[in-house]
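A.B. asks: So you can see what is in the structure, the chains are spelled out below.
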Amino acid sequence: MAAAEHLYLHVPFCGHRCGYCDFVTVTGNGELHGRYVDALIRELRGAPARPATIFIGGGTPSLLDDALLARLLAALPACDELTVECNPETITPAKAQVLVEGGVSRVSLGAQSFQPQLLATLERRATPDRVLQAARTLRQAGVTNLNLDLMFGVPGQSAADLAADLDQALSLVPEHISYYELEAKPGTRFTHRHGAELERQAEALEDHYETVVATLRERGYHWYETANFCRDGHQARHNLGYWEGRDYLGLGVGAVSTIGLERRRNRPSLRAYLQAVEAGQAPPAEIELLSPAERGSERLMLGLRLDRPMPLDGLEWLIDPRQLERMAGAGMLAREPGGIRLSERGRFMANDVVSTLLR
Amino acid sequence: MALSRIRNFSIIAHIDHGKSTLADRILQVTKTVADRDMREQLLDSMDLERERGITIKAQAVRVLFRASDDRVYELNLIDTPGHVDFTYEVSRSLAACEGALLVVDAAQGLEAQTLANAYLAIENDLDIVPVVNKIDLPAADPDGVSAELAELIGDAPENVLRISAKTGQGIEEVLQAVVDHISPPDGDPQAPPRALIFDSSYDQYRGVLAFVRMVDGGFHKGDKVCAMAQGTRFDVEELGFFSPGMRPAKHLSAGEVGYIVTGLKDVSQLRVGDTLTLSREGAAEPLPGYKEVKPMVFAGLFPTDSDQYPELRDALEKLKLNDAALSYEPETSQALGFGFRCGFLGLLHMDIVRERLEREYDLDLLVTAPNVAYRVQDVKEDWHEVHNPAQMPASGDVLSTEEPYVRASLIAPKEFVGPLMELTQDRRGEFGHMEYLSEERVQLVYDIPLAEVVLDYYDQLKSRSRGYASFDYDMIGFREGKLVKVDVLLAGEQVDSLSLITHRDNAYKQGKALVEALRERIPRQMFEVAIQAAIGSRVIARETVKAKRKDVLAKCYGGDVSRKRKLLEKQKKGKKRMKQVGNIEVPQEAFLAVLDLNRDGGNGGGG
Numbered sequence: 327m328a329a330a331e332h333l334y335l336h337v338p339f340c341g342h343r344c345g346y347c348d349f350v351t352v353t354g355n356g357e358l359h360g361r362y363v364d365a366l367i368r369e370l371r372g373a374p375a376r377p378a379t380i381f382i383g384g385g386t387p388s389l390l391d392d393a394l395l396a397r398l399l400a401a402l403p404a405c406d407e408l409t410v411e412c413n414p415e416t417i418t419p420a421k422a423q424v425l426v427e428g429g430v431s432r433v434s435l436g437a438q439s440f441q442p443q444l445l446a447t448l449e450r451r452a453t454p455d456r457v458l459q460a461a462r463t464l465r466q467a468g469v470t471n472l473n474l475d476l477m478f479g480v481p482g483q484s485a486a487d488l489a490a491d492l493d494q495a496l497s498l499v500p501e502h503i504s505y506y507e508l509e510a511k512p513g514t515r516f517t518h519r520h521g522a523e524l525e526r527q528a529e530a531l532e533d534h535y536e537t538v539v540a541t542l543r544e545r546g547y548h549w550y551e552t553a554n555f556c557r558d559g560h561q562a563r564h565n566l567g568y569w570e571g572r573d574y575l576g577l578g579v580g581a582v583s584t585i586g587l588e589r590r591r592n593r594p595s596l597r598a599y600l601q602a603v604e605a606g607q608a609p610p611a612e613i614e615l616l617s618p619a620e621r622g623s624e625r626l627m628l629g630l631r632l633d634r635p636m637p638l639d640g641l642e643w644l645i646d647p648r649q650l651e652r653m654a655g656a657g658m659l660a661r662e663p664g665g666i667r668l669s670e671r672g673r674f675m676a677n678d679v680v681s682t683l684l685r
Numbered sequence: 171m172a173l174s175r176i177r178n179f180s181i182i183a184h185i186d187h188g189k190s191t192l193a194d195r196i197l198q199v200t201k202t203v204a205d206r207d208m209r210e211q212l213l214d215s216m217d218l219e220r221e222r223g224i225t226i227k228a229q230a231v232r233v234l235f236r237a238s239d240d241r242v243y244e245l246n247l248i249d250t251p252g253h254v255d256f257t258y259e260v261s262r263s264l265a266a267c268e269g270a271l272l273v274v275d276a277a278q279g280l281e282a283q284t285l286a287n288a289y290l291a292i293e294n295d296l297d298i299v300p301v302v303n304k305i306d307l308p309a310a311d312p313d314g315v316s317a318e319l320a321e322l323i324g325d326a327p328e329n330v331l332r333i334s335a336k337t338g339q340g341i342e343e344v345l346q347a348v349v350d351h352i353s354p355p356d357g358d359p360q361a362p363p364r365a366l367i368f369d370s371s372y373d374q375y376r377g378v379l380a381f382v383r384m385v386d387g388g389f390h391k392g393d394k395v396c397a398m399a400q401g402t403r404f405d406v407e408e409l410g411f412f413s414p415g416m417r418p419a420k421h422l423s424a425g426e427v428g429y430i431v432t433g434l435k436d437v438s439q440l441r442v443g444d445t446l447t448l449s450r451e452g453a454a455e456p457l458p459g460y461k462e463v464k465p466m467v468f469a470g471l472f473p474t475d476s477d478q479y480p481e482l483r484d485a486l487e488k489l490k491l492n493d494a495a496l497s498y499e500p501e502t503s504q505a506l507g508f509g510f511r512c513g514f515l516g517l518l519h520m521d522i523v524r525e526r527l528e529r530e531y532d533l534d535l536l537v538t539a540p541n542v543a544y545r546v547q548d549v550k551e552d553w554h555e556v557h558n559p560a561q562m563p564a565s566g567d568v569l570s571t572e573e574p575y576v577r578a579s580l581i582a583p584k585e586f587v588g589p590l591m592e593l594t595q596d597r598r599g600e601f602g603h604m605e606y607l608s609e610e611r612v613q614l615v616y617d618i619p620l621a622e623v624v625l626d627y628y629d630q631l632k633s634r635s636r637g638y639a640s641f642d643y644d645m646i647g648f649r650e651g652k653l654v655k656v657d658v659l660l661a662g663e664q665v666d667s668l669s670l671i672t673h674r675d676n677a678y679k680q681g682k683a684l685v686e687a688l689r690e691r692i693p694r695q696m697f698e699v700a701i702q703a704a705i706g707s708r709v710i711a712r713e714t715v716k717a718k719r720k721d722v723l724a725k726c727y728g729g730d731v732s733r734k735r736k737l738l739e740k741q742k743k744g745k746k747r748m749k750q751v752g753n754i755e756v757p758q759e760a761f762l763a764v765l766d767l768n769r770d771g772g773n774g775g776g777g
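Chains as they are written, first to last, in our numbering: chain A, 327 to 685; chain B, 171 to 777.
Treat the hints with caution; some may be incorrect.
Stated by the list, open to error - In silico lysine-lysine, DSS-like type, Cα no more than 25 Å apart, as pairs: (1) K464(B) with K511(A); (2) K511(A) with K736(B); (3) K511(A) with K743(B).
Derived from the structure by calculation, the hints contain no laboratory data. Since this is a predicted model, take the numbers as computed values, not measurements.
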């Protein structure tokens with residue numbers, strides 16, 4: 327494989343599986359943590375020696391005990407940005423210390439909300455106090471680049487709940503905020519349980535999203551990507567790699583890599599992963615070969631999420647010029663010297679705009 | 171066979187009153203069909219007819235019956251279509267007969283349709299044999315129904331035959347009554363031949379098959395004949411009769427009923443009601459009663475998938491081969507693409523055509539709201555027939571307008587007279603008269619615009635009479651009516667396929683119901699959608715679909731790009747199914763809003 331600039335490591339372990347989650351996660355299996363970290367370290371041998379960014383996501387990477395986490399971090403190659411996803415309830419002063427000493431330059435904290443009843447609905451284990459405390463602990467340990475993951479559209483969330491969440495998040499002065507609309511995927515027990523309420527509140531989410539964008543901008547954050555906000559100079563470089571359509575290598579169970587036109591999706595079975603890697607083989611994976619049109623559509627879909635001109639070099643053939651004209655005329659996008667950029671209204675309607683542009 | 175030993179008759183009955191079962195029993199009792207070959211409703215050859223329990227194409231079957239005088243009689247049973255849309259065809263079938271069995275369900279009693287056809291038979295001087303069927307039913311009231319029947323035809327109740335076609339009870343007696351009470355044909359075997367065409371059908375191998383009643387003279391294989399009204403000429407390739415399969419014969423002679431293989435390629439060359447005679451030394455005068463039937467109800471037929479347009483054209487061509495009453499011409503709609511404007515005798519005819527296109531030709535169709543034929547006089551005082559709202563000139567260019575009226579006959583139990591009068595008056599009906607058929611049942615006669623019937627009158631009639639009212643109508647010509655064209659504008663653009671022509675008094679209600687129906691069917695989207703109904707430049711109703719404010723993929727990272735891309739592709743596909751009108755996207759269902767307007771009774775209920 328050609329060297330990818332962006333390296334992702336998946337740690338699937340969670341203390342508890344939240345109802346809305348559809349990531350590859352496993353609960354329990356504490357005895358496998360050590361084997362798994364060893365397997366990741368073994369896989370790292372084939373990874374680029376000097377990636378630009380590394381992101382350790384999950385699952386809950388911070389669920390690993392301090393020694394294991396330290397071992398994993400020590401095995402990583404040097405890079406310019408190293409992010410680790412953490413859940414508030416796993417953050418202790420010692421763990422924070424391990425992160426900082428392990429070279430972690432950015433911590434992404436899964437806060438989701440500060441309202442107890444919404445955290446309960448989401449089946450999160452942390453209480454609001456625990457979230458605040460985790461943030462403080464990380465700061466005290468010297469974390470200078472902190473992201474908060476937050477969510478709107480939680481069943482039962484009122485406009486006041488949203489305002490309170492925004493207030494509390496801002497009081498922590500994070501460098502970066504990811505604010506997602508809850509995505510209730512069909513077939514999850516969460517959707518089954520809350521489907522009616524989700525449907526009922528669908529229209530209110532338009533207000534919520536507008537409130538999120540307006541409030542964060544007012545408070546000095548750049549709305550630099552559809553769901554991501556940052557203070558000056560704190561864009562998530564790793565994630566920019568995805569949005570700019572660059573190659574990335576994913577290690578670990580369930581991890582996804584995209585190199586050129588090949589997308590490799592490691593299979594979700596933890597045991598099969600361990601057996602293969604321990605036997606010195608590549609992890610079992612399914613391979614999706616992307617057509618140039620598919621890869622190009624993805625680049626458009628991802629690139630137009632960013633608040634910067636998207637260069638169309640080599641992508642013109644995927645775009646219907648009449649629709650481009652029409653969308654520009656309707657004020658959904660602007661043609662700039664560096665490419666096309668969605669207007670504010672266009673960004674709110676990005677799916678509609680992009681699916682209109684594509685031939 | 172000597173004329174005195176021939177009887178030509180048909181069966182008049184309401185749908186479900188047992189016509190087909192009785193016909194089947196007659197074939198069985200006369201051993202025309204062996205018991206083991208008996209299929210239910212043998213005479214109805216198309217699946218569609220079998221399912222709907224109605225007969226579209228009249229056919230004639232010859233059976234031989236040994237009567238009580240120990241002589242064998244040739245009985246020709248001529249099947250008639252049973253619906254109001256085919257009144258003319260019924261009249262020609264009846265003209266081919268000397269008598270009719272008037273069959274009424276012992277539990278249901280007389281229905282409007284039966285009554286209309288019975289009058290038609292009486293007007294044609296047919297001998298009527300009254301029959302009460304289904305006397306085996308627990309709810310049967312043979313005495314009451316016999317009295318009704320006897321009253322209708324001026325006979326004694328005890329002369330009404332009581333049978334059960336289902337069990338076979340009384341079938342022999344019916345055949346004996348046909349011999350005893352129906353006159354033998356009285357044509358002149360020596361005169362130049364004249365044959366009445368009472369139906370035709372198309373066979374892909376043999377061409378057009380004409381069903382005829384020889385009135386005078388006779389035809390032989392190879393005769394050169396011509397249709398007197400239309401002037402169509404052809405050679406008799408084969409002739410014969412059905413019993414029940416095709417049986418070729420050497421000749422057809424006066425009084426007989428049979429078929430002629432013409433070799434013609436198109437049924438429209440041979441119209442029902444026309445007279446066949448020899449090309450040379452033929453008859454001087456045609457048989458009376460021929461008229462050209464004209465479609466009165468029009469609708470646009472569009473393939474849901476525009477790629478199916480050529481298939482739709484081919485299918486219509488094929489259907490037309492067998493259905494002289496169907497007309498069609500290409501039509502283009504900005505919203506629905508390429509399709510055809512089709513003309514039908516009535517709503518049932520339209521339904522049958524649509525179902526055949528969908529079922530036999532596997533087409534997925536959009537059918538626009540039907541409208542009737544209108545007559546419009548322009549400022550130069552010239553009259554035009556308008557079959558399509560798009561053809562309606564601007565209101566300033568119209569001097570006057572006319573619409574077709576029908577004479578409607580309603581029969582219902584007396585407790586429904588109030589609601590039915592209210593309904594019919596609401597629909598611009600003009601009261602004619604009222605008559606008690608019995609102590610319980612009343613007939614109402616109204617003149618009513620066909621446009622109202624086409625709209626939703628029939629459904630309303632059924633619902634307000636809890637299904638007890640029956641209904642029949644006859645075209646009585648055009649009358650003046652203040653008609654206007656209601657246009658629909660989506661985001662300021664007029665959408666041709668949503669326009670409708672309606673009476674001025676209904677325009678506001680219909681416009682309002684229409685924009686409301688559209689609002690429910692047009693999803694929120696990138697742009698606000700203003701939905702307006704207008705007469706000329708005057709807006710009479712308006713609704714708005716607010717613009718959508720958010721349509722984003724909440725998050726998207728390396729792990730789920732494929733899935734998100736597929737979501738986008740799905741959305742793209744969804745868009746392709748939408749019709750773009752100006753800047754907005756309209757789902758095809760929305761164009762059917764006009765149709766639903768009819769079904770929901772948007773007119774009557776005010777939406």
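A.B. asks: Now tell me if each hint is right for this structure.
C.D. replies: Verification of the supplied hints:
| no. | hint | verdict |
| --- | --- | --- |
| 1 | K464(B) with K511(A) | violated (57 Å) |
| 2 | K511(A) with K736(B) | holds (14 Å) |
| 3 | K511(A) with K743(B) | holds (21 Å) |
Against the hints set out earlier in the document, a violation occurs for number 1 only.
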